[in-house]
Structures are given as C-alpha cells and as structure tokens.
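Chains as they are written, first to last, in the working numbering: chain B, 35 to 285; chain V, 579 to 817.
No lab work stands behind these hints, which were simulated from the structure alone. Hints are not guaranteed to be accurate.
[What the hints assert, rightly or not] Keeping only pairs whose Cα atoms sit at most 30 Å apart, straight-line, the calculated BS3-like set for lysine-lysine is: (1) B/K201 <-> V/K752; (2) V/K673 <-> B/K196; (3) V/K584 <-> V/K599; (4) B/K279 <-> V/K702; (5) B/K119 <-> V/K635; (6) B/K201 <-> V/K647; (7) B/K196 <-> V/K803; (8) V/K647 <-> B/K119; (9) V/K697 <-> B/K279; (10) V/K673 <-> B/K279; (11) V/K673 <-> V/K701; (12) V/K803 <-> B/K201; (13) V/K596 <-> V/K673; (14) V/K752 <-> V/K803; (15) V/K647 <-> V/K697; (16) B/K201 <-> V/K702; (17) V/K596 <-> B/K201; (18) B/K196 <-> V/K584; (19) V/K584 <-> V/K808; (20) V/K598 <-> B/K114; (21) B/K196 <-> V/K647; (22) V/K646 <-> B/K275; (23) V/K596 <-> B/K119; (24) V/K635 <-> B/K275; (25) V/K598 <-> B/K201.
Bear in mind the structure is a predicted one, so any value in this text is a computation, not a measurement.
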Amino acid sequence: MVLRSQLIKKVVNALLASLLVLALVWISVLRLGVSFDFSFIIQFKSRILQGFLMTVALSLIGFVLSLFIGIIAALWQNGKILFLKYISSIYINFIRGTPLIMQIYLFYYIIGTAWGVNNRFVSGVLILSVFEGAYIAEIIRAGIQGLAPTQVEAARAVGFTKSQTIKLVIIPQLIARILPALVGQFSSIIKDSSLLSIIAVIELTQTIREISALNFRLFESYLFLGVLYLCLTIPLAIVGKIFEKQFSFET
Amino acid sequence: MRITIKDLSHSFVTPEGKMKKVLSHVDFDDDISTLSLIGPSGGGKSTLLRILAGLIKPTEGEFFIECKKTGFVFQQNGLFKHWTGLENITIPLEKVHKYTHTEALERAEELLDRFGLLKDAYKKPSELSGGQQQRIAIARAVAPRPNLLFLDEPTSALDPEYTVEVLDMINELKDEGLNFIIVTHEMGFAKLACEKTGFLSETVLSQGARLIEVGKSREIFEHPKEPIVKNFLDKILMW
Ligand SMILES: Nc1ncnc2c1ncn2[C@@H]1O[C@H](COP(=O)(O)OP(=O)(O)OP(=O)(O)O)[C@@H](O)[C@H]1O
Ligand SMILES: [Mg+2]
Chain B
35 MVLRSQLIKK
45 VVNALLASLL
55 VLALVWISVL
65 RLGVSFDFSF
75 IIQFKSRILQ
85 GFLMTVALSL
95 IGFVLSLFIG
105 IIAALWQNGK
115 ILFLKYISSI
125 YINFIRGTPL
135 IMQIYLFYYI
145 IGTAWGVNNR
155 FVSGVLILSV
165 FEGAYIAEII
175 RAGIQGLAPT
185 QVEAARAVGF
195 TKSQTIKLVI
205 IPQLIARILP
215 ALVGQFSSII
225 KDSSLLSIIA
235 VIELTQTIRE
245 ISALNFRLFE
255 SYLFLGVLYL
265 CLTIPLAIVG
275 KIFEKQFSFE
285 T
Chain V
579 MRITIKDLSH
589 SFVTPEGKMK
599 KVLSHVDFDD
609 DISTLSLIGP
619 SGGGKSTLLR
629 ILAGLIKPTE
639 GEFFIECKKT
649 GFVFQQNGLF
659 KHWTGLENIT
669 IPLEKVHKYT
679 HTEALERAEE
689 LLDRFGLLKD
699 AYKKPSELSG
709 GQQQRIAIAR
719 AVAPRPNLLF
729 LDEPTSALDP
739 EYTVEVLDMI
749 NELKDEGLNF
759 IIVTHEMGFA
769 KLACEKTGFL
779 SETVLSQGAR
789 LIEVGKSREI
799 FEHPKEPIVK
809 NFLDKILMW
C-alpha cells in the first residue's frame with residue numbers, strides 16, 4: 035500500500051512538472067505570435083534523415099576513437115614513464131581548459147593546412163575524438179584511482195597471478211565504475227558534435243540551420259532539432275541509469 | 579607446524595618519503611597449531627601477518643613456514659565486490675587450484691551449507707552483513723584446504739553478535755585440525771581458543787616492534803613474565 039501511494043505521488047508530480055513546462059513554452063509561443071508549420075519536416079525529410087545519420091555516425095566513430103585515445107592517455111598518466119606522463123598531462127589540461135569551438139577552428143586550420151586533410155568529416159571526427167578523449171581519460175583515471183587497494187591485496191591472497199588479477203578483478207571493477215560515466219560522455223559527444231557545424235560538416239544541426247535559412251521557420255526547426263537530439267540522448271540516459279543500478283555493488 | 583623467523587625487520591616508506599621502521603629484529607622458532615598475535619594498535623601485527631602470508635616482502639631477514647598452502651582472511655572488505663559469495667569461493671578454486679567448475683561448486687556449497695550461508699550464496703558482498711561477509715571470507719580461505727590460515731582481526735569491524743558467529747566458525751574449524759595464526763583484540767578467544775599467544779610491541783629501546791613474549795596462551799594471560807605485557811593486559815582486561 036505504501037508503494038502504491040508513493041507511485042501515485044510520483045505520477046501526479048511528474049504530470050504537474052510536465053504541465054508547467056508545457057504551459058511556459060505555450061505562453062512563450064503565444065507571445066511570439068507565430069503559428070506552427072511543421073511541413074518542412076516532410077519537405078526536407080531525406081536531408082534531415084541524412085543529417086541525423088551523419089550525427090549518429092560522427093558520434094559513434096568519435097566515441098570509439100575517443101575511448102581509444104582516452105585509455106592511452108589514462109594509462110600514460112598512471113604509468114611510470116615520466117615523459118609520457120607529461121605528454122598526457124599537457125594534452126588533458128589543454129583540451130579540458132579550452133573551449134571546443136576554439137579547438138575546432140584551430141585544429142581544422144592545422145589539420146587542413148599542415149596535414150592536408152581536406153575531408154570535413156574526417157577532420158570533424160578527429161577533432162571531436164581528440165576533445166572527448168581528454169574527458170574520457172579523466173573518467174578512466176578517476177576510476178583507476180577509486181579502485182580499492184584491498185581488492186588487489188585480496189587477489190594476491192587467494193593466489194591470483196598478476197594477469198589474473200588484472201583480467202578477473204581490476205578490469206571488471208573498473209568497467210563497472212566507469213561505464214555509467216562513459217555513457218554520459220557518449221551523450222556529450224552527440225551534443226558536442228553539433229559544434230562541427232561551424233566547419234560546415236553537414237550533420238544534424240548544420241542541416242537544420244540550412245533548412246531554417248531557407249524557410250525562416252526558426253522556432254519549429256530548432257524545436258524539432260531538440261526533439262531529434264533527445265531521441266538519441268534520452269535512451270542513453272536510461273541506459274546509464276540501468277548501468278548505475280546494475281553496478282551499485284561498488285558503493 | 580614449525581615456524582621459524584630469523585632477524586626479520588620491515589620498514590615502510592611514508593608518504594613524506596621517510597623510512598618508518600615497523601618491525602625490528604623479530605625472532606621466532608617454535609611448533610604451533612594455533613597462535614594468536616596480540617599487542618598495542620599500530621604495533622605491526624598486521625604487517626608481520628602479511629609478511630608471513632607472503633603478501634609483502636620483508637625489508638630484512640627471513641622466515642620459514644613448513645607448509646605448502648595458506649589462506650588469508652582480512653579485517654574487512656576482503657571479498658571481491660563484483661562477485662557473489664559463491665563466486666568468491668568458486669572462481670579462485672577454478673583459476674588457482676585447478677578445480678573443475680563442478681568440483682568448485684560442490685566444495686563451495688558444502689562449506690556454505692555447513693556454516694548456514696547457503697541462502698546468501700548468490701548475493702554480492704554489498705548485500706551481506708559484515709558477519710556474513712567475514713564468514714564467507716573464511717569459507718573462501720579454507721575452501722582449498724590450506725594447512726595454515728592467517729586471520730587479521732577478522733571480527734574487529736563487527737557488532738558483538740556477529741563477532742560470536744565468526745569466532746564460533748573459526749573454533750569449529752580448529753577442532754577439525756586447522757592451524758591458524760590470528761591477530762585479534764578478542765582476548766577471551768586468544769586465551770581460550772588459541773594454543774599459544776605472542777605479544778608484539780615496540781619497546782622503549784627499539785624503534786619498531788619485536789615479539790616480546792611468546793608462550794602458552796594461559797600462561798601469558800595469567801602469568802606474563804615481561805612487565806610491558808603485564809601492563810598491557812592489566813589495562814585491556816580492566817573492563
Ligand atoms: N602500507 C603502509 N605504508 C606506510 N606505513 C604503513 C603501511 N602499513 C602500515 N603502516 C604503518 O605501520 C605501522 C604498523 O601497522 P600495522 O597495521 O602492522 O599495525 P597493527 O599492529 O596491525 O595495528 P592495528 O591493531 O591498529 O591493526 C603503523 O604505524 C602504520 O601506520
Ligand atoms: Mg592491523
């Protein structure tokens with residue numbers, strides 16, 4: 035019975051909160067005095083789909099690459115070779131200390147002119163991966179630091195070899211610790227990829243910008259853009275929550 | 579079981595980079611079946627136990643233990659957090675002691691059943707009480723049938739009611755012939771359940787602890803020879 039009344043309480047409050055937000059949006063729209071016209075969605079559906087897929091591709095490839103970069107940077111930073119430690123340190127601090135938009139302009143210029151990479155998609159993915167890799171390195175570093183030393187000692191006590199300890203104890207516990215944060219970072223990658231529109235990578239945001247420049251349906255276009263990003267990020271948020279629950283043995 | 583320790587010393591490097599001598603010229607040569615190590619906090623009991631168990635290397639000196647297989651029980655959080663109680667027992671049996679999965683499962687269930695832990699077998703440590711965790715940790719340590727078990731204050735993180743169930747379990751295993759060395763603050767257990775007791779402490783003269791007195795538990799507790807041991811016991815047994 036207690037559970038039931040709690041459920042009712044939750045549902046009622048969720049409804050109230052949603053209503054309030056909707057009402058605020060509604061009032062704003064009324065004050066703008068615009069009428070809705072979403073017909074552009076049908077009209078440009080293949081372009082929008084293409085942009086959407088481009089964003090998905092950018093994010094997926096970017097995630098895999100940044101994971102790779104992040105793991106290496108974290109290992110270097112936790113390792114014993116001082117030279118690599120400093121390289122990793124410089125990288126992480128520079129990336130985390132400067133805005134993505136500046137990095138995009140700078141790297142695009144460098145990559146494009148000095149290294150001759152003219153493909154916008156490739157440059158975009160590289161820039162995004164380098165940027166997100168620094169954040170992933172931090173997630174992994176924090177995960178490694180949070181591992182309880184008693185677990186490694188216990189591994190030794192039961193007789194595990196070094197490689198067994200890494201394979202059976204350290205890596206599973208590390209993954210459990212960092213997986214929820216990694217999912218969150220994936221979500222960030224999806225959102226951050228929108229900034230690649232400034233170097234004219236035709237991903238979702240750039241597509242919508244182009245469309246809205248044609249039809250001047252700014253409000254509807256960006257509202258729809260938001261919905262499309264939510265279609266990607268809300269499932270991820272749910273997955274992140276599930277992981278968090280599943281791996282709650284950590285705490 | 580013969581245990582010989584020869585002129586064993588151990589120093590840690592402190593976070594400030596200084597050397598801190600914890601054990602200083604520990605000597606021991608005796609036959610033991612069950613030994614308790616007592617002494618003031620910070621006196622190096624855990625350090626000595628971990629050295630004897632092979633978990634850390636002493637900085638100086640050597641020791642011999644006439645036995646092949648040992649087990650270790652930590653004060654707390656010794657179970658692997660990502661595995662269930664059952665897996666904590668079976669996986670080391672399979673990976674280290676080369677049991678088949680079925681053999682490991684049988685052995686684990688036999689032990690868990692015997693100590694009334696079967697219903698907790700599929701829970702992770704975070705879902706178990708401290709007492710249950712410690713009993714599973716002991717079950718894990720004895721599962722491969724070691725000749726000698728090391729226990730480092732296995733009850734000091736527990737409420738009194740759980741303390742009793744853990745000490746009961748150790749006592750039961752002892753009656754079956756298990757040898758053990760236990761670091762403990764449970765003076766009753768040291769006196770009544772352990773054949774011998776050793777007192778480990780620094781002295782005014784030495785930096786780093788030594789084994790000040792070792793002997794039959796009853797004698798140490800009732801007629802300690804060294805004044806420092808007598809002082810310690812008087813203080814600790816006052817309440
Ligand atoms: N890894 C370590 N690094 C540095 N110093 C340590 C380390 N482990 C223990 N020490 C120090 O060594 C001394 C002895 O520690 P030890 O844990 O062996 O004592 P103990 O007798 O088990 O004490 P307690 O009864 O509190 O458990 C303490 O002063 C402790 O601070
Ligand atoms: Mg200790």
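Hints and how they fare:
no., hint, result
1, B/K201 <-> V/K752, "35 Å, violated"
2, V/K673 <-> B/K196, "12 Å, holds"
3, V/K584 <-> V/K599, "17 Å, holds"
4, B/K279 <-> V/K702, "13 Å, holds"
5, B/K119 <-> V/K635, "28 Å, holds"
6, B/K201 <-> V/K647, "24 Å, holds"
7, B/K196 <-> V/K803, "45 Å, violated"
8, V/K647 <-> B/K119, "40 Å, violated"
9, V/K697 <-> B/K279, "22 Å, holds"
10, V/K673 <-> B/K279, "29 Å, holds"
11, V/K673 <-> V/K701, "21 Å, holds"
12, V/K803 <-> B/K201, "51 Å, violated"
13, V/K596 <-> V/K673, "39 Å, violated"
14, V/K752 <-> V/K803, "28 Å, holds"
15, V/K647 <-> V/K697, "29 Å, holds"
16, B/K201 <-> V/K702, "19 Å, holds"
17, V/K596 <-> B/K201, "34 Å, violated"
18, B/K196 <-> V/K584, "29 Å, holds"
19, V/K584 <-> V/K808, "26 Å, holds"
20, V/K598 <-> B/K114, "24 Å, holds"
21, B/K196 <-> V/K647, "19 Å, holds"
22, V/K646 <-> B/K275, "47 Å, violated"
23, V/K596 <-> B/K119, "25 Å, holds"
24, V/K635 <-> B/K275, "43 Å, violated"
25, V/K598 <-> B/K201, "34 Å, violated"
Of the numbered hints stated above, those contradicted by the structure are hints 1, 7, 8, 12, 13, 17, 22, 24 and 25, listed in ascending order.
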